[in-house]
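Using mature numbering (1 follows the signal peptide of the UniProt record, and there is no 0), the letters of the sequence shown map in sequence onto residues -22 to -1, 1 to 266.
Be careful, since some hints might not be right.
With a straight-line cut-off of 30 Å between C-alpha atoms, the simulated DSS-like cross-links for lysine-lysine are [said to hold, decoys possible]:
#1 Lys222 x Lys247
#2 Lys262 x Lys220
#3 Lys151 x Lys193
#4 Lys217 x Lys254
#5 Lys33 x Lys262
#6 Lys101 x Lys64
#7 Lys222 x Lys262
#8 Lys254 x Lys131
#9 Lys64 x Lys254
#10 Lys248 x Lys222
#11 Lys101 x Lys217
#12 Lys64 x Lys262
#13 Lys33 x Lys151
#14 Lys248 x Lys220
#15 Lys101 x Lys247
#16 Lys247 x Lys193
#17 Lys131 x Lys151
#18 Lys101 x Lys33
#19 Lys217 x Lys193
#20 Lys33 x Lys131
Between beta-carbon pairs, the in silico distance windows are [stated by the list, open to error]:
#21 Ser99 x Lys151: 35 to 41 Å
#22 Lys254 x Glu190: 18 to 24 Å
#23 Pro115 x Gly51: 19 to 25 Å
#24 Leu187 x Lys262: 28 to 34 Å
#25 Gln183 x Gly113: 33 to 39 Å
#26 Thr252 x Glu190: 15 to 21 Å
#27 Glu116 x Pro233: 39 to 45 Å
#28 Asp149 x Glu190: 38 to 44 Å
#29 Asp149 x Ser184: 31 to 37 Å
#30 Thr127 x Ala186: 17 to 23 Å
#31 Asn110 x Arg250: 35 to 41 Å
#32 Glu116 x Glu73: 20 to 26 Å
#33 Ala265 x Pro115: 30 to 36 Å
Since the hints were made in silico from the structure, they are not lab data. Glycine is no exception: its CB is placed at the ideal position from the N, C-alpha and C atoms.
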Amino acid sequence: MGNKLKAVVVGAVLGVAGAAFAQGTPTTPKADAKAPGKAAAGKAAAGKAAATAGKTEVTWWGHAAFVLKTPGGATIAIDPWFTNPKAPQGATWPEAVDAILVSHGHFDHVGETKALAQKTSAKVYGSFELVNLLGLPEAQSVGANAGGTFTVKDATIHLVEAVHSSSYQADPKAPSQYAGAPLGFVIEIANGPTLYHAGDTGAFQSMALIAEQFKPTVALLPIGGHFVMDPPQAAVAAKLLKAKTVVPMHYGTFPALAGTPDALTTELKKTRATTKVLTLEPGKATAL
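Please build the complete structure, drawing on both the sequences and the hints.
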């Protein structure tokens, strides 16, 4: 996401939080985010409950941020910008995380990666350059590139390409640094679904190769437009991927991201696709 929009978001949406807050070096989060596990009884706690027996659970935190829980006990956070404008209000951060996947270096995807890794000791997976820039301990840093494959309990994570850009600013007053190639993630869950998180991307022909190699059943696709696919392009991507279900993401967070799930449904009908659109509510765990 470009610096111009970043300035708009920081100034108009995040207000006093500032750019550093979104870059993974946040000011102390207020309320429950400050101390996971110490929230008052009855408060929303996204990702707190264990996955439904035999099921994979996914919780959308708004924008491109998700927390995935597998039947085998793996908890995986993806692009954890937990303070985005669509994030569930009052929700606590996950108390335990095994892996954090970061698709690229832009602030709205790095989010609270560093703070979450420090709280949970989770390993962080992303491009070689980006992971090095985050400054985490070596034991938590797993820098790689498209083609890399890793196992986290019952989840096998494949790094795949994305069509976008990637830069990172640890300090909002410093120049952006090259953060490696952007990535998407295919997550194969033993005795469960295969998910594809596209990261920030446009549609590209090699999505057909992702379909051939990994056969994803659920595709988490950006639909907002401007910086990523809009609904017509996302419908093309869904056709290439042959996924049974599409979960829309990266829309409605800012005015520029104008695509909607309804528009995606309309575009899929035009192609006579049987793909189901599953629109998630931020903070609500959904069994897949």
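Fill in: Violated hints, by number in ascending order, as checked against the structure
3, 11, 13, 15, 17, 21, 31
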